[in-house]
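**Student:** Guided by the hints, dock chain W onto chain H, whose structure is given.
One-letter residues, chain by chain:
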Amino acid sequence: MAVTLKVNGKPVSVTAEPDTPLLWVLREELALTGTKFGCGVAACGACSVHVDGEITRSCSIAIADVAGKSVTTIEGLKSADGTLHKVQQAWIAAQVPQCGYCQSGQIMAAVALIQETGSPSDAQIDEAMTNICRCGTYPRIRKAIHAATGKAAAAVQGDA
Amino acid sequence: MADNPNPNIEEAAETPPKKKGFKRRAFLIGGVAVVGAGLFGISLADSNAAKKAVTLTTGKGEHNFATWLKIGEDDSVTIYSPHTDIGQGSNTGLAQMLAEELDAAWDKVKLVSAPAESAYANTGLGRGFLGEMTGQPGIINGIPQSFLSFIARSMNLQITGGSSALRYTGQVTFQMVGAATRLALIEVAAKRLSVPASELTTAESRVTHAKSGKSLRYGELAAEAATLSLDNEPALKDSKNYRLMRQSIQRLDIPSKVDGTAQYGMDFSVPNMRVATIMAAPVRGGKLTSVDTTPATAVKGVEKVIKLDNAVAVVAKGYWAALSGLRSLSPQFSDGGNAGFSTASIFKAYDDRIAKGEPDGEAGEGDVDAAIGAKPVEAKYEVPYLHHAMMEPFALTAHHKDGKLNIWGGMQDPLASKMKAAEVSGLDADAVTFHPMLIGGSFGRRLPMYMEIVEQVTQLAMQLPYPVKLIWSREEEVAQGAYRPQSAARLRGAIGKDGKIAAYLNDYAQTESAESETTFIYDLPVVARRNYDYPSNQITGAWRSVNSTQQGFYNESFIDELAHEAKVDPVEFRRRHLKPGSRHLAVLNEVATKSGWGSPLPAGVGRGVAIVESFKTIVAHVIEASVNADGTPKVHKVTTVVDAGSIVNPDAAMAQIEGGTIMGLSSAIGEAITLDKGVVQQSNFGDYPILKMADAPLVQDIHFLNSGANMGGIGEPGVPPAAPALANALFAATGKRIRSLPILMQAKA
Chain H
183 MAVTLKVNGK PVSVTAEPDT PLLWVLREEL ALTGTKFGCG VAACGACSVH
233 VDGEITRSCS IAIADVAGKS VTTIEGLKSA DGTLHKVQQA WIAAQVPQCG
283 YCQSGQIMAA VALIQETGSP SDAQIDEAMT NICRCGTYPR IRKAIHAATG
333 KAAAAVQGDA
Chain W
3 MADNPNPNIE EAAETPPKKK GFKRRAFLIG GVAVVGAGLF GISLADSNAA
53 KKAVTLTTGK GEHNFATWLK IGEDDSVTIY SPHTDIGQGS NTGLAQMLAE
103 ELDAAWDKVK LVSAPAESAY ANTGLGRGFL GEMTGQPGII NGIPQSFLSF
153 IARSMNLQIT GGSSALRYTG QVTFQMVGAA TRLALIEVAA KRLSVPASEL
203 TTAESRVTHA KSGKSLRYGE LAAEAATLSL DNEPALKDSK NYRLMRQSIQ
253 RLDIPSKVDG TAQYGMDFSV PNMRVATIMA APVRGGKLTS VDTTPATAVK
303 GVEKVIKLDN AVAVVAKGYW AALSGLRSLS PQFSDGGNAG FSTASIFKAY
353 DDRIAKGEPD GEAGEGDVDA AIGAKPVEAK YEVPYLHHAM MEPFALTAHH
403 KDGKLNIWGG MQDPLASKMK AAEVSGLDAD AVTFHPMLIG GSFGRRLPMY
453 MEIVEQVTQL AMQLPYPVKL IWSREEEVAQ GAYRPQSAAR LRGAIGKDGK
503 IAAYLNDYAQ TESAESETTF IYDLPVVARR NYDYPSNQIT GAWRSVNSTQ
553 QGFYNESFID ELAHEAKVDP VEFRRRHLKP GSRHLAVLNE VATKSGWGSP
603 LPAGVGRGVA IVESFKTIVA HVIEASVNAD GTPKVHKVTT VVDAGSIVNP
653 DAAMAQIEGG TIMGLSSAIG EAITLDKGVV QQSNFGDYPI LKMADAPLVQ
703 DIHFLNSGAN MGGIGEPGVP PAAPALANAL FAATGKRIRS LPILMQAKA
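As they're listed, the protein sequences go chains H and W.
The opening position of the first sequence corresponds to residue 183 in the numbering used here, with each subsequent residue numbered one higher.
The opening position of the second sequence corresponds to residue 3 in the numbering used here, with each subsequent residue numbered one higher.
If you are wondering where the hints come from, they were derived from the structure by calculation, not from laboratory data.
You can take every hint at face value.
When the alpha-carbon atoms are kept at most 25 angstroms apart in a straight line, the in silico DSS-like pairs for lysine-lysine are as follows:
(1) Lys289/W x Lys309/W
(2) Lys618/W x Lys596/W
(3) Lys377/W x Lys358/W
(4) Lys319/W x Lys188/H
(5) Lys192/H x Lys260/H
(6) Lys268/H x Lys694/W
Over the 10 angstroms line for every Cβ pair with chain W, so calculated as not near, a few chain H residues:
(7) Ser195
(8) Thr299
(9) Thr331
So, partial list: chain H residues that the calculated Cβ filter (under 8 angstroms) puts toward chain W:
(10) Trp206
(11) Glu210
(12) Cys226
(13) Gln270
(14) Ile274
(15) Gln280
(16) Tyr283
(17) Asp304
(18) Met311
(19) Thr312
(20) Thr319
Idealized CB from N, CA, C, for every residue including glycine.
Only chain W is shown next, with the shape it has when bound in the complex:
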């Protein structure tokens, strides 16, 4: 029977988290009540938040502008970013955007993480959210509903996700702050030089009066300019006058990442610190029932074994002792009633729900049941849970002393992490400080919806007299992930007498609806998506490009199947179903041209195409691939065309598409998290294989179409079309359709 083996799960998901010792704040943006706040939220001179921001960041000879910017009398320009640069280059991009409008000298600009304080909650994202409330929904297009829901719940906004940094924080806040500050500096200069502001120009952190040849440094204008109220709607530069934006400026964070000096959460150290490692219940949802601590305490260097509700932690002088201690233990855990979950049982439940035909949600247009007809083309697809596998395992350091709690490390939302620690510790939020550090990869894993590590390290710190760094082993990281959902879909389509798709139906089952990250690009008379929800005991979450990976795989594989059925070339078939004059059609045509679509290939090599829009960016890949003698796929070349509207830093954007494509190929070829008796069966890179150099495509030919449309995301959209383009290429090469991922697991079966 495919019924949920643990009926409590659905109920548990609805229970609001417990709140202790932390008073829910009113809906504040930038620390200022929304009503009446100016563009920067913070422009009200008497606001406590503005005062706090200044106190937190501004020393002698330094002057704060609209919270996010500080200009020193020595001409230094410091930008406070509310985003976590996980390597996607967004902080360099944000600095380019602000410095461009400010006309700052680039070599004087530095960007640092904003303090994890409400004064630095992200007004740009908040304003995006506000757009919805005020009936201007355009502003939030492309931010997934799951993020908005989270935002609405907590409002501790410092999140990095939804490919949002440059689109929202950059365009909505940072360019405006730069432009408004520039106007304030000009106003002061006009007064001092006794000339009209209209005769003044700015460049390289100076205001210049060409007629008299006089000029003033920003540093000497800053003190007085900071006392002016800033223009809420300054005019922005014409893009043809850009000097920093649209340039491939070298990333600010790279030098420290090649000489070993970059400090990640894992690298933090403080005198007297101990190191802990942890093991949670192997069956998620289970509890620690018993553990004999004696073997661990016999390990040299081990100081303490701490029992948590669902985990056991060993605290030692160093990681090796902690790990050796943990491995010496035989803790007993309950299974929380979840031992019935397995990969097969979940797929069976999905099939049953889809067969039963009572969807939890529907989207689309037209009477699909009537239009689909009696004999539609039908295909079933399955994809597994995917693990983020960031290279830096979780590591946070916490210290509770004199009623204060300090935490150091990297999370995708430092402010929400602070609030979570306050909630768990029972301390007032003002007594908790989160110190954001560099992050060694994340891809969605460090989002605040699943912050067990914050809870764990807080619980440890609250009962230890010294600072403690909690490190997850790789094994813990793999087995206790917040996975991309395991998912299955039944696709059905009817082809009309004109050879075009008459009706298209996508019935899919997974944890919950994927609708907020699904953009169906084809212009069809009748189309429907229906979701069938089935939670397991696993946490499922945002995995780079969120639900777009599996939905992209389903739709772009099935369109290929329909093209085959209609006996039409896959590019031509897609063309016939895209709106004339659309950006999608332009991207498709360009990728066909750049890839030499239709030109001859060596024997055994096939070409496949896929085009997916996610986070308002359209990406098409054409992949050339073959099958090695041992049955494994070989990707020879990927040709990619991207329309992200406009690009702030072309080389950094290129890097995101390169890496996103490789991550998409990696997951398609080899990655799967599987369950047996409720336990994750993978434990390390040996059984969760990440694509390596030798299997990465030798050629990635990437082109950007700058259509001028609203800026789309860049960190995520390269991922979704990779799997279907590869599967379609292998079909072209072998005639065998891939409907289940990963390809290697299917090859073995």
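Looking at chain H on its own, in the form it has when it is part of the complex:
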């Protein structure tokens, strides 16, 4: 079936079997490989994107269910002039990624959390940030989220 949706602000039309997960359409049809395959069962969050602003695990939502909706991926976070999103900048400042494979999903989850809460508490971070990172970058993810929201920026700067 042909499906029309918006990806990173641009209308796109794709042809895919209706049960194809959004993840594989993004990666294989639209060449947006920043969104990662990790588990296929919505358990790890490596495939997290925003669908109409909601954090969504794209491996477990069918393309038919996102028809007409607006999808934002990691590639769509930066502004038109190429400036990185403040969360991406905080990720660099805190040197968060190790292998980096889960980090697109982590960043998308963090952006959604910040959009929803403004300045999340540790408890809100614990509740919302359920993506798996096997390298164990959680302390730096937490630090970067706080830094991006103006909290504890000094802790990030002063870390060595």
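**Tutor:** Chain W in isolation, oriented as in the chain H frame:
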């Protein structure tokens, strides 16, 4: 009966791999026969390898130095790394080391993967190995014997493992290459400026003559400098003059990992490419006996079902079609005689072997049987198979066309991967190219000892007219792992009248000896380790810090038990058994101070300590933990002290210790691979739980003691003390000793 249900397994392990179409090369390091080779292996101007390295990498206006370095006339500095940066930051560290000695301008430095060619086999590691052959064993301290054995067998050295990148490649090769190249650049500058070399200084990729105020760019000196033969033993900088090393320079790979542009093996794409996914025999060792391919070919997008010896693969236009096709099949597999293996049968076999008392190997000192006495303190510990669970499942793309085979993706040894593909395809090694890409985690899983994915994708590519990307589903990844061994140990200790340990005996059973990754740090009169070997049908391998995880858990738990028995504080008890003035004692004392050991804690919270040396680095954790209402453990704080000798990039080293600690806690709390009827019972993150943000410690307070000892590893040593420190903390909190991991499974039982 605990006898091995499949007696063929031990025999099979001894059978050398089949070789076809690939001639074993002579023992070459850096492509040059060892005898007579200079430090860089490659310095002989007429060596074919040097010529090949130059051909592979050097374009117009670019000049190669000692294989690993290229300087452009535009001042660009390109460093070729034989290591795979899996996120541990080692490539940035290697670049810091070379650029430091070269006095290169950091913003002109870039580091790329060395081509997977013999010309770029890792001379630094090779030299480490050579150290043993030439009677200078010091150089190989801390590289596990399992790696050395592998190295000795194949010599296709581009391995990343054993926490070796900076210790060996960095110190043995890259600093030397930087220093020697700097001297060559100075020599050319001295000639051009007609001044003595001693009046010249270097900084920021320039050679400067202060007296005359003249200076020359490296780029304008490079062409002539590249024609000089390099000094084999250049003097290195005094560390007090470092400008790049010991600095927390931002990692080179991070920007592309936050904007989605980083390209991992999973992300590779080429026109006309198809995608395949695969299912191997659920009972490892089994074969594919039959499969009706009709249901898969009825799935839209599926193009082909390919039967392999022990697996079935579905090739389709995309992953979803391939997976849907595979799931529609009901393939039949034999069990290879392995259906008798279960978690319980393996533990039973371990118990029986230990009880029988005929060890396969022994280490230690003193007459332990006499000293242990009739009534030793005794405890039995058990740990399960562990899965690596790297976030990027296996994915390799291969294309066979016009007699050439190209493979793209990430493995921990690109050169060995190439050789394996040559062997499987029957092609000459020169017809096979492996293109290394970024790796989404590995922790030992992508080492060349178990490269089924390379074999599989090669077999698929050899019978397909188009490129094919083979992706393992997460389910395949979990069920077909190369696990940390399931292991059991019986520890016995005797406490003398002086309250000190008089004898200590560690009888452990698993696939094979753990001796090469076991450093027993305590200074005891009588101590012994005895291994009882029992292979199952599972592949066991290197899992971050290798055998140090289970051995660390056994020894640091049992020392705690002995302290309890002797009624001595656990830190004080350890102190009494460490050599005065030792690095271990310094680390222990520091972690006690930094953690506030002995200070009051809230009710229900306990404090536990553990100290383990692995890969020549000593790490001690003090963990504060309690038990949640639902019985699960809660880690509040981890205080860590590390002595890795010296550190190249402090912030990157910190990240490794943070992550290693969390991986150690994750495995201790929730992870286990279990077997029933020879089949792995776990399938995805739902039943193989990885620690998440909410359960990670809120506070990790990490300190480095730079003792100045030889550089130790940093990627692995944070892991082993985490499990015993947590178990000891929970004992302090509850009085209940944890002797079986993971903690959650024990809580359920």
